[in-house]
Every structure is written in C-alpha cells, then in structure tokens.
Amino acid sequence: YTELRKSKIEVIEGSVMDVASKLSTFSNCISTDSGWLHVAHLYGLKTMGLFGFDTPVEWAPPQSLIFHSEHCLPSKTRYLKSCETLQPLGTIRSDEFEIAVGKFLNISSH
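If you count by our numbering, then the sequence shown holds residues 1 to 110, one letter each, in order.
One should not assume that every hint holds.
Straight-line Cα separation of at most 25 Å, SDA-like style, residue types lysine to any residue; simulated pairs [said to hold, decoys possible]: (1) K46 x V11; (2) K103 x T25; (3) K76 x L89; (4) K103 x E10; (5) K46 x L23.
Keep in mind the hints are simulated off the structure, nothing from the lab.
Using the sequences and the hints, build the whole thing.
Quick look at the structure:
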C-alpha cells in the first residue's frame, strides 16, 4: 500500500462500519465489483468499478466508469465450484489501469 499512499490514494480497511464511515468522507471510489462500489454510489461518490466478469451492464452503478481485466470471464463461471481458483482480476494490465485511474481522477500519469 506504500506506493498507493504516496499517490494520495487511500486504501480503506476495517469493519463494515469503519469502511462505510470513512468512505462517506471521500469524493471518489475505485472498487472491485462488490457491495462497496454500490455503497460509494449511494454516498454520491464518483465511482470506478473493476470487473473481471462480463457483468457491468447488469451490476455497475449508474454513471460508474468501468475497467475490465484483459480477459473478462463469462458471468456463468462466477459461482461454480470448479472455478473457485479463478483470479478474475488477475489479468488487469497495470499500465492500462494507471491510465484509466489518471483519466478517472482527471490527472496526468506523467
């Protein structure tokens, strides 16, 4: 997390109440395709969702910027026991992610 904090990006950890309370004080949120993305949207934050499955049309909050892993997986594999070791965000390209975050935050990456 050291590099993220140097970039003034904060990683929020803790209990559900701790995270929700802290999240409510921000204006932007980058989150995996999870409940936190929706909590951030409900607080009125600008959101960027990280999707490893082909579900953003169905699950992304309105106006959320979407970032896919390089090889997005079919949604039917999401809860299959035989696919439990899949790493859906494992193919995120860091160079493309850095550019996307820069655009999301309206900052230059250089």
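Item checked: Those earlier numbered hints the structure runs against, lowest number first -> Of the numbered hints, all hold.
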